[in-house]
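Undergrad: Please model the complete structure; the sequences and the hints are all you need to start from.
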Amino acid sequence: MTTLQQDPLLTVMYSSTAVATFGEPELSALLAQARAANERNGLTGMLLFRDNRFFQTLEGTPDAVHEVMDRIRADDRHTDVHILNQESIVERRFSDWTMGYVPLPAPREPLLPGVRNSFTDVQGSDDAVAALRAARELNLWFRVRANRTSGRRAARAL
Amino acid sequence: MTAVPEPLADDGVLWSMVEDGFHVGSRNGEFLGYIDRRSDDQFLACDMFSREIGVFTDLPSAMQVVSDGPSAPLETAQ
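Taken in order, these protein sequences are the chains called A and B.
Reminder that position 27 of the first sequence reads as 27 in this note's numbering, one-by-one numbering, no gaps.
Counting from 1 along the second sequence, just add 158 to a position and that's the residue number in this note's numbering.
Quick caveat, the hints were computed from the structure, so don't treat them as lab data.
Where hints are given, some of them may not hold.
[As the list claims (entries may be wrong)] Derived list of chain B stretches under chain A, where covered just means 3 residues or more per stretch with a C-beta under 8 Å from a C-beta of chain A: (1) 187-196; (2) 205-216.
[Claimed, not checked] What the simulated footprint calls covered on chain A by chain B, stretch by stretch (three residues with Cβ under 8 Å from a Cβ of chain B suffice, anywhere in the stretch; the number is not a length): (3) 17-24; (4) 101-109.
[Unchecked claim] A few chain B residues that don't get close to chain A, going by computed Cβ distances all over 10 Å: (5) L172; (6) D199; (7) Q200; (8) S219; (9) Q222; (10) S225; (11) D226; (12) G227.
By construction, the Cβ of each residue, glycine as well, lies at the ideal position given by its N, Cα and C atoms.
TA: Structure, rendered in structure tokens:
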């Protein structure tokens with residue numbers, strides 16, 4: 001990354017919904033476009049996608065983050081952009097990824113009684129605290145998966 | 159739509175599943191750790207710093223050891 005260490009950093013987590021059905025070709029194109037733009041603008045982050053819904057974390061200088069969020073809101077490929085959290089950070093948490101991606105498989109096993117589903121909570125909860133918790137759980141899961149040697153390759157597979 | 163209070167276990171721990179076999183525990187918004195089911199169907203429990211704290215044959219045992227540990231803000235986890 002070319003960003004100077006002393007530059008202030010901002011991170012944004014948001015969810016959104018694809019307007020049309022998103023298949024692998026569309027997702028690959030989106031990731032390629034995002035990675036190229038993020039590389040130019042010193043942005044890092046990760047994307048999750050399931051059931052036509054997106055969850056994304058972005059980090060970079062405040063100007064760069066605000067600019068990309070303006071572009072995202074204007075992007076007609078998705079709608080219902082919902083900011084889950086926006087905060088200053090001291091260091092990047094996704095410094096290795098211009099836009100990391102790890103496939104998040106749909107659950108096949110039933111939830112245990114009382115157990116929440118993070119991806120569901122981040123998309124559909126009216127409870128801001130629950131949505132933020134779920135967003136951080138997704139970030140954690142991504143880092144655990146991607147930081148494995150095999151996972152790191154998967155993070156760049158698309 | 160009205161927000162529904164999140165269910166808690168008797169010990170005040172809220173568990174979430176991100177994908178099949180991957181559970182994250184928190185209490186009062188503080189991150190406790192996570193459990194990752196391995197390919198051999200054993201449950202690897204990790205603390206708030208992603209340090210391995212045990213491998214268990216069943217999920218409840220792994221949940222218990224994570225619940226018993228200290229907590230930290232979730233964003234500090236690796």
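Undergrad: Next, verify each hint and record whether it holds.
TA: Hints versus structure:
no., hint, result
1, 187-196, "holds (count 4)"
2, 205-216, "violated (count 1)"
3, 17-24, "violated (count 0)"
4, 101-109, "holds (count 5)"
5, L172, "7 Å, violated"
6, D199, "12 Å, holds"
7, Q200, "16 Å, holds"
8, S219, "14 Å, holds"
9, Q222, "14 Å, holds"
10, S225, "13 Å, holds"
11, D226, "18 Å, holds"
12, G227, "15 Å, holds"
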